[in-house]
Every structure is written in structure tokens, then in C-alpha cells.
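Listed below, chain by chain, are the residues.
Number of protein chains: 2
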Amino acid sequence: MKIEVIKNVLKYNKEQADKNRKLFKDNGILVLNMLSSPGAGKTSLIIETIKRLKDTIKIGVIEGDISSTYDAEKIKYFTDNVVQINTGGTCHLNAGMVAEAVKKLKIKKLDLIMIENVGNLICPVGFDLGEDYKIVISSVNEGDDKPVKYPPIFIKSDLLVLNKIDLISISDFNQDFFRGKINDLNPGLKIIKLSCKTGNNMEEWIGWLAKRRKGKSN
Amino acid sequence: MKIEVIKNVLKYNKEQADKNRKLFKDNGILVLNMLSSPGAGKTSLIIETIKRLKDTIKIGVIEGDISSTYDAEKIKYFTDNVVQINTGGTCHLNAGMVAEAVKKLKIKKLDLIMIENVGNLICPVGFDLGEDYKIVISSVNEGDDKPVKYPPIFIKSDLLVLNKIDLISISDFNQDFFRGKINDLNPGLKIIKLSCKTGNNMEEWIGWLAKRRKGKSN
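Heads up: the protein sequence lines correspond to chains A and B, in order.
For the first sequence, position 60 matches number 60 in the working numbering, and the numbering has no gaps at all.
For the second sequence, position 37 matches number 37 in the working numbering, and the numbering has no gaps at all.
One should not assume that every hint holds.
Copies of one chain are not kept apart here, so a pair can be met inside one copy or by any two copies together.
[As the list claims (entries may be wrong)] With a straight-line Cα cutoff of 27 Å, these simulated DSSO-like cross-link-like pairs (lysine-lysine) come out:
# : residue 1 : residue 2
1 : K181      : K76
2 : K54       : K22
3 : K74       : K181
4 : K25       : K134
5 : K190      : K109
6 : K106      : K76
7 : K58       : K216
Don't read these hints as lab results, they were simulated from the structure.
Just chain A, with the same shape it has in the complex (with noise of 0.2 Å):
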């Protein structure tokens, strides 16, 4: 019995995923599902791709989170176009949430929307949303090992963004071990390091934007 009603909830989940997707795709809306455990920079992340991007694109965000508005609101001084999501405890978003967000989002307008789901590795993974390319971040001080441990998300993920690489020469982390652990999982994901404290590297993450951007048909 409640295997049957997982299914039944992954299943709805997929159909209304499919209608999300439509939706983008109609309006010509690239979107992004962005994963990662807590405060590993999904938020900065999001916040310094408006700074550089918000003259030239209109950009849209969904903000996960199971409880406050404290994401959205710190992003709600770069952008109007924010929504938070609370999901009232709920580990994930799904698809079903998704689509009422976006309903308060003048999509007709939007070139770009990043989703920022709930922090955590795990559960998200499952739940498609009807994105175009699901990023995983990681963050140089959660430790090289995290593809061991949570392989699930990076076997799912078509992009790996390794954050805070400024802090990379007073870590332990090992870089050729963290890229054998995510080629034996997901052979030749591409990983992009940079920091967006510092800014390093920002600009092979907007270029990676920048060559998925689908423009408007209208």
C-alpha cells in the first residue's frame, strides 16, 4: 500500500512536470532546477548570475524553501520576479508547487528561471519539475566525498558547479579524487569551479547560460 502511493505521487508529479515543461518551452524559457545541501551558495549563485545577466535577459526565480521568506528577500533586491515556495516541512519541491509559482511570474517576459530548491541532497532528486537542466552545486568546505556518499544527485545532474573554490589552498580537498569519484558516477559531467564571493570564474558559468539561452519566439 505505500509503495503504491509513492508511485502515485511520482506519477502526478511527471504529468504535471510535462505541463511545466510545455509551458517553458512555449514561452521559450530556459530553466534551471538547482540542487545542493545547505549553504553550499544555490542563493549567491542566483544572486550574482542576476547582477551580471539582468541587462541583457530577463530572469525569473523560485524560491524553495520550508519555511521564511528569507532567500526571496534578499534575491527580491536584484529582481521583482521572485516567488517563494514554502513547502510547510516538505524536504523537496514538486512539479504540482512549481506550476502555482510560476502562475505569479509574468513568464510571457522571462528569458531565464532558476528554481532554487530546498537544501538538500537527497530527496530533490527524484522530483522532476519540468526544468531543462537539473545543476547541482557542491562547495570546496563540504568536503571531496560528497559523490560517494550522496551519489544519487550527481548521477542525475547535467552540471556540477563547485562553489567557494577560493577557500580551495586552506582545504583538505582533493580535486583529482572529487573527479574520479564524478567520473565513475557520471562520466564527463562537466564541472565548473568558481567562487561567487570573489567572483573567480563566474564568466564560464554565464557563457555555460549563455549557449542554452533559447529566445523568444514572438
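Given chain A, put chain B in place with the hints provided.
Using the frame of chain A, we list chain B on its own:
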């Protein structure tokens, strides 16, 4: 129907947790449920604790991970009394998993069991394992806003260890803000600031533990 299933799971968990608690009490064992997001330093704190106390008391460790034996192997270097639980994807330990793991420890000889929960600031909170204390480990690099974004774990914990304090001077972590937000959620919650890496203030943690040791009756 879904809610009923969840209620049953929690009811069963509570019953099993009470059995674990009785077993631990009957054997005079102090049991800690150690919670944090990935990479905050649960394994490091366990290893540094064993190093300092292994000649004084007998310590057992239960390692929870969604997969791999990576942490258990690290800990095995310092003690033989370690059991790995692989949850197979589940985002938290439950009392039944701990009951199974405990069978593999020589509990009659042990004074302390440290249970390293799955790295996750959300899901483990609701699952009593039969422990004496829930200890949440935050790290400076995760940022000072974690109490705002993940309240339940800070409300339910009996002690907060703030790790990686050696990095405080090069971080934006505002200790007054953090303390204030903790006080809003869990007034008076003790915070021990330390660094597993440099050993800074480890004596306060060891002192906290020593005061709570139960002693064998036989």
C-alpha cells in the same frame, strides 16, 4: 490514506525507539543522535572524540549513509566498534535500523554510542532513535542563516556544535545574528564553538560529554 501510512510509520518508530532507549538505559550507555547537513563535520567530530576518549571509555559508532561504507572505514581506523547502516536511498535513519545495527555492537561493554545520521537538515528530525540527546552540528561555511531556513532541527536539538570555527575570520558569519535566531527558536540552547581540524575548544565538547556519562551498574 497517505496520512494514515505516515502516522503508522511514526507510531511504529516511536515504539521501536522506546525499546532502544530501554536497552541503552539498562546497559548504562549514553547515546547521541548526531545531525547535520552534508559536510558539516559529523564524521570528523566522531573521530576527534574517539581519539580523545578511547583510553577512558568504550565507544561505539553507528554510521548512517544512503550508500557506501566510506565513513565507517575512516572510523574503523580508530575503533572496531563501528557498524554501517546503508539506508538504500532513505533520507534519514529510523529506530528499526538502529535496533538492527545495535545487535552488531558489543553493547555490554560500551559507555557511549554516537549515531551519525544521514546528512540532511530536514528529514531526520522527526525520527526518534531512542537517543539521550540530539546534537545538531552547523559549520561556519554553511552561513549564519541556517536557523532561519531550517527551524525544526534547531528547535528539537539539545546541543548545537558550531564547527569550523577556525574559518570564522575569513567568513561573513555573524555570530550575534546566529545566536539571536537560535534564541528565537530554542531559547538558551547551548552552542559549543570548536574546530575539529585545529582542535580549538574540543575540551568544551569533551567536558559536555563527560558530565553526561552514565556509568555501568555492574
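Checked hints:
no.	hint	verdict
1	K181 with K76	between (37 Å within a copy, 22 Å between copies)
2	K54 with K22	within (25 Å within a copy, 60 Å between copies)
3	K74 with K181	between (34 Å within a copy, 17 Å between copies)
4	K25 with K134	within (16 Å within a copy, 46 Å between copies)
5	K190 with K109	neither (30 Å within a copy, 49 Å between copies)
6	K106 with K76	within (15 Å within a copy, 55 Å between copies)
7	K58 with K216	within (11 Å within a copy, 66 Å between copies)
The structure shown violates just one earlier hint, number 5.
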